[in-house]
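**Q** Just so you know, the sequences run in chain order S and A. The first sequence begins at 1 in the working numbering and counts up by one. The second sequence begins at 1001 in the working numbering and counts up by one.
One or more hints might be untrue.
Covered stretches of chain A, as calculated for chain S (at least 3 residues, CB under 8 Å) [as the list claims (entries may be wrong)]:
hint : segment
1    : 1016-1024
2    : 1064-1073
3    : 1097-1109
Everything labelled a hint here was simulated from the structure, so no lab data went into it. The structure displayed is predicted, hence computed values, not measured ones. For each residue, glycine too, the CB sits at the ideal point set by N, CA and C.
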Amino acid sequence: MLQNEENLLKKAKDGSREALMALIRKYEPQVAATAIGMLGPGPEAEDVGQETFIRFYQSLSKFRGDSTLGTYLTRIAINLSLNQIKRRRLVRARFHTDTSDKIDNYPDLDRAAERSEAHKLIQKGLQSLEPKFRSVLVLRLIHGFSTSETARILKLPLGTVLSRLARGQQKLRDILTPLYGKDLNEKGNGLE
Amino acid sequence: MKRGMDLSKKIRKWLYRSLDGTLRPRVKKRLETALARSPGLRAEREQILAEREEIAYGAARSFEPLFAERVWNRIQSQDQTTEFFYESLKIVFRRFAVAGAIVVILLLSYNLGKKNSLHSDEIFYTADVTVENLLQLPLL
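Bound conformation, chain S alone (with noise of 0.2 Å):
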């Protein structure tokens, strides 16, 4: 019977199928968070959910728990998403589209906001944001890292994080209340 994460892990680097699917399905939310929020949904961020527990897999007999394993994954994610956002702004620069992380590029995004799906409207407006404020914002507010956990999986000072939460989130707000029509705390409010 696989019990805990230590002995799941055991059995995972000794080959066990079940063990590995136990971890991934354990550990999904936690990915997929980290790659919805810095890709938005769709086919991207799926790949680099798959990728980054293909890297664990190859990796494994390498993880000591140094971090828990949460982190782990999640600083995997993460990279693995900012290589994906540098890859696909030299394909764009490459072939001279049009298209752009801006938000009035979503052409559903007045249907969204008719549905008042608010949450969708958040996933575009971080998706509109650098990818500097994203990863602070996904690893900070969605995740529920603490600041100092957020800069070790940066690797950023504690300061520039800090700035980053403030500055990130003032952004969001800004690319948001527009859209919103008022402040996103009264329309927060109407949508529950």
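Use these hints to put chain A onto chain S, whose structure you have.
**A** Coordinates of chain A only, in the frame set by chain S:
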């Protein structure tokens, strides 16, 4: 006027930082005083908290169903690809190794037959290979 703006900017910064538990006691006290005095600042704090809650609440926390199975399938197919690669490499290497061994044997037999000696220098044709000889070779 400018001083007032700077101060409100500073207080707003403290406000954000207070939510992450990193204020020094003196600054914390100043912020508390400002909060007690200003209903606008209190409303601002409530708004920031509500936004944070909304961001956390709105986050997607799962991929499409059967995600773990898809990861497993990818791992399996990658393992098969790697195995196939090494198998192919082994086959190619084996051919080169056999060809190389045949060439060496032919060379040895030829030199052995020609010099009629079993000395290794004769067989490998290395008797004349010295540093001095090499240095005296004409440059191209």
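**Q** When the hints from earlier in the document are held up against this structure, which numbers fail?
**A** The structure conflicts with hint 3 only, although it agrees with all the remaining ones.
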